[in-house]
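Which chain is which? The protein sequence lines are A and B, in order. According to my numbering, the first sequence is numbered sequentially starting from 1. According to my numbering, the second sequence is numbered sequentially starting from 1.
Note that these hints are calculated values from the structure, not bench results. Misleading hints may appear alongside valid ones.
As the list claims (entries may be wrong) - For lysine to any residue, the following SDA-like pairs were computed, each having C-alpha atoms within a straight-line distance of at most 20 Å:
#, chain 1, residue 1, chain 2, residue 2
1, B, 42, A, 107
2, A, 69, A, 112
3, A, 18, A, 52
4, B, 99, A, 18
5, A, 17, A, 27
6, A, 65, A, 85
7, A, 69, A, 24
8, A, 57, A, 22
9, B, 99, A, 112
10, A, 57, B, 95
11, B, 99, B, 28
12, A, 69, B, 26
13, B, 42, A, 53
14, B, 42, A, 112
15, A, 18, A, 84
16, B, 67, A, 101
What the hints assert, rightly or not - Partial list, derived from the structure: chain B residues whose beta carbon lies under 7 Å from chain A:
#, residue
17, 29
18, 32
19, 43
20, 47
21, 97
22, 99
23, 100
24, 104
25, 105
26, 109
27, 112
Virtual Cβ for every residue (Gly too), placed ideally from N, Cα, C.
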Amino acid sequence: EAQVTQNPRYLITVTGKKLTVTCSQNMNHEYMSWYRQDPGLGLRQIYYSMNVEVTDKGDVPEGYKVSRKEKRNFPLILESPSPNQTSLYFCASSFGVAGGQTQYFGPGTRLLVL
Amino acid sequence: QKEVEQNSGPLSVPEGAIASLNCTYSDRGSQSFFWYRQYSGKSPELIMSIYSNGDKEDGRFTAQLNKASQYVSLLIRDSQPSDSATYLCAVTVWGGGFKTIFGAGTRLFVKA
């Protein structure tokens, strides 16, 4: 089944404790992206990647890191989480990098930073 | 700051009516336009994409794009209670790579 998977789905952590949210897609998609969703603000893009070893900042990259060492994986790293990073996070992927392709979203990761 | 604006709603329509959802965007360089539907607690899923001026129809859904007015809309004909969801407008813009900017979404309620 074609899908985007994220792990964990739910995470409660404390301020400053490094964490990684994994994202994997099995559709051989070139483009991958991370978003956070907050009430009233919609989806905001954190980072995106147009190919292996090619990543770029979205609109809200502060406090996050990403890497794209393999085509299928795009982990999101919070090196020192803070309470303002409490949010719902979505990973997405699409086949092309020309901007016109449908993005397929993972199921989401709910993060609470205490 | 590139922006995508939507009326947050909620928009309430009776079953069988036409629901009209609107979106404006600020960047004239926006290249592709999308409508995603998101049920509560679920991830967004694509409803329609549109790339050129005019109308695009797919079943009960019609997307309309007017680049001169920087306006994109979604019409849902014969609305059903199962259409009740949040509808997200999204645009892609070139900024060294393709960024995607989403609106905050419009909540739609279809009353049976």
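Structure-based check of each hint:
A C-alpha spacing of about 7 Å is found between residue 42 of chain B and residue 107 of chain A, which places the hinted pair at or below 20 Å, so the restraint holds. Straight-line distance between C-alpha atoms of residue 69 of chain A and residue 112 of chain A comes to about 27 Å, which puts the hinted pair past the 20 Å bound. For the proposed pair residue 18 of chain A and residue 52 of chain A, the alpha carbon gap of about 24 Å is over 20 Å, so the pair is violated. Using a Cα cut-off of 20 Å, the hinted pair residue 99 of chain B and residue 18 of chain A is violated, with the two alpha carbons roughly 27 Å apart.
The suggested pairing of residue 17 of chain A with residue 27 of chain A is violated, with an alpha-carbon distance near 32 Å, which exceeds 20 Å. Only pairs whose Cα atoms come within 20 Å are accepted, and residue 65 of chain A paired with residue 85 of chain A is accepted, the gap being roughly 13 Å. Restraint check for residue 69 of chain A and residue 24 of chain A: satisfied, since their Cα atoms lie roughly 12 Å apart, inside the 20 Å limit. The hinted pair formed by residue 57 of chain A and residue 22 of chain A meets the criterion: a straight-line CA distance of about 18 Å does not exceed 20 Å.
A C-alpha spacing of about 26 Å is found between residue 99 of chain B and residue 112 of chain A, which places the hinted pair above 20 Å, so the restraint is violated. Simply put, residue 57 of chain A and residue 95 of chain B have alpha-carbon atoms about 10 Å apart, close enough for the 20 Å limit, and the pair holds. A hinted pair counts as satisfied when its Cα atoms are at most 20 Å apart, and residue 99 of chain B with residue 28 of chain B qualifies at roughly 14 Å. Using a Cα cut-off of 20 Å, the hinted pair residue 69 of chain A and residue 26 of chain B is violated, with the two alpha carbons roughly 34 Å apart.
Between residue 42 of chain B and residue 53 of chain A, the direct Cα distance comes to roughly 30 Å. Violation of the 20 Å bound is thereby established for this hinted pair. For the proposed pair residue 42 of chain B and residue 112 of chain A, the alpha carbon gap of about 18 Å is at most 20 Å, so the pair holds. For the hint linking residue 18 of chain A to residue 84 of chain A, the alpha-carbon distance of about 15 Å falls within 20 Å, and the restraint holds. Pair hint residue 67 of chain B plus residue 101 of chain A holds up; C-alpha atoms about 19 Å apart against a cutoff of 20 Å.
A distance limit of 7 Å between C-beta atoms decides the matter here; for residue 29 of chain B the minimum to chain A is near 11 Å, and the interface restraint is violated. A distance limit of 7 Å between C-beta atoms decides the matter here; for residue 32 of chain B the minimum to chain A is near 4 Å, and the interface restraint holds. Evaluation of the residue 43 of chain B hint against chain A yields a held restraint, the C-beta minimum of about 4 Å falling below 7 Å. This hint is violated: residue 47 of chain B has a C-beta 10 Å from the nearest C-beta of chain A, more than the 7 Å allowed.
Because the closest C-beta pair between residue 97 of chain B and chain A is about 5 Å apart, less than 7 Å, the hint holds. Hint status for residue 99 of chain B: holds, given a least beta-carbon distance of 6 Å to chain A, under 7 Å. Taking 7 Å as the C-beta contact cut-off toward chain A, the hint placing residue 100 of chain B at the interface holds, the least distance being around 6 Å. Here the hint on residue 104 of chain B is kept, as its CB sits about 4 Å from the closest CB of chain A, short of 7 Å.
Proximity of residue 105 of chain B to chain A holds as hinted, the smallest CB-CB distance being about 5 Å (cut-off 7 Å). The interface hint given for residue 109 of chain B is violated, since its Cβ lies 18 Å from the closest Cβ of chain A, which is over the 7 Å cut-off. The beta carbon of residue 112 of chain B comes no nearer than 27 Å to any beta carbon in chain A, farther than 7 Å, and the hint placing it at the interface is violated.
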